[in-house]
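A.B. asks: Sequence:
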Amino acid sequence: MKKIVFIFLFMVTLLISNVPVAHAQCAMCTVSAEQSVKNGNTQGNGLNSGILYLLSIPYLLITGMGILWYVKFRKKNTEGVA
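Heads up: the sequence shown runs through residues 32 to 113, numbered per our numbering.
None of these hints come from the bench; they were simulated from the model.
Any given hint might turn out to be false.
Below are the DSS-like pairs computed for lysine-lysine, each with C-alpha atoms no more than 27 Å apart in a straight line [stated by the list, open to error]:
no., residue 1, residue 2
1, LYS33, LYS106
2, LYS34, LYS103
3, LYS33, LYS103
4, LYS34, LYS106
Quick list of simulated restraints, FRET-style, between CB atoms [what the hints assert, rightly or not]:
no., residue 1, residue 2, range
5, LYS34, SER80, 15 to 23 Å
6, ALA58, LEU91, 41 to 49 Å
7, LEU46, TRP100, 43 to 51 Å
8, GLN66, GLY97, 14 to 22 Å
9, VAL68, ARG105, 45 to 53 Å
10, LEU99, SER67, 38 to 46 Å
11, VAL68, SER48, 41 to 49 Å
12, LYS106, ASN76, 31 to 39 Å
13, MET32, ILE82, 45 to 53 Å
Note that the structure is predicted; figures quoted are calculated from it, not measured.
Beta carbons: idealized from backbone N, C-alpha and C, even for Gly.
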């Protein structure tokens, strides 16, 4: 169980520490973000943060499902051996 917690925390740390700036946006969003940054506004940074937030949710859900599957699979294997 300690190994699973360690792996989970390691994966979360990797996800948090390596947050790239989102460059792939629709044409209108890109122009709006570039113009707001040139004018000194921080709306472009907020837009990029929102996009990264929305992208992180599916990855967290898939990771959680994988951990849950792994724990249940491990339980079935150990019960059969003992």
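A.B. asks: Now, for every hint given, state plainly whether the structure supports it.
C.D. replies: Hint by hint, here is what the structure shows:
no. : hint                          : verdict
1   : LYS33 with LYS106             : 15 Å, holds
2   : LYS34 with LYS103             : 15 Å, holds
3   : LYS33 with LYS103             : 15 Å, holds
4   : LYS34 with LYS106             : 15 Å, holds
5   : LYS34 with SER80: 15 to 23 Å  : 33 Å, violated
6   : ALA58 with LEU91: 41 to 49 Å  : 29 Å, violated
7   : LEU46 with TRP100: 43 to 51 Å : 19 Å, violated
8   : GLN66 with GLY97: 14 to 22 Å  : 41 Å, violated
9   : VAL68 with ARG105: 45 to 53 Å : 48 Å, holds
10  : LEU99 with SER67: 38 to 46 Å  : 41 Å, holds
11  : VAL68 with SER48: 41 to 49 Å  : 24 Å, violated
12  : LYS106 with ASN76: 31 to 39 Å : 45 Å, violated
13  : MET32 with ILE82: 45 to 53 Å  : 35 Å, violated
Consistency with the previously given hints fails for numbers 5, 6, 7, 8, 11, 12 and 13, ordered from lowest to highest.
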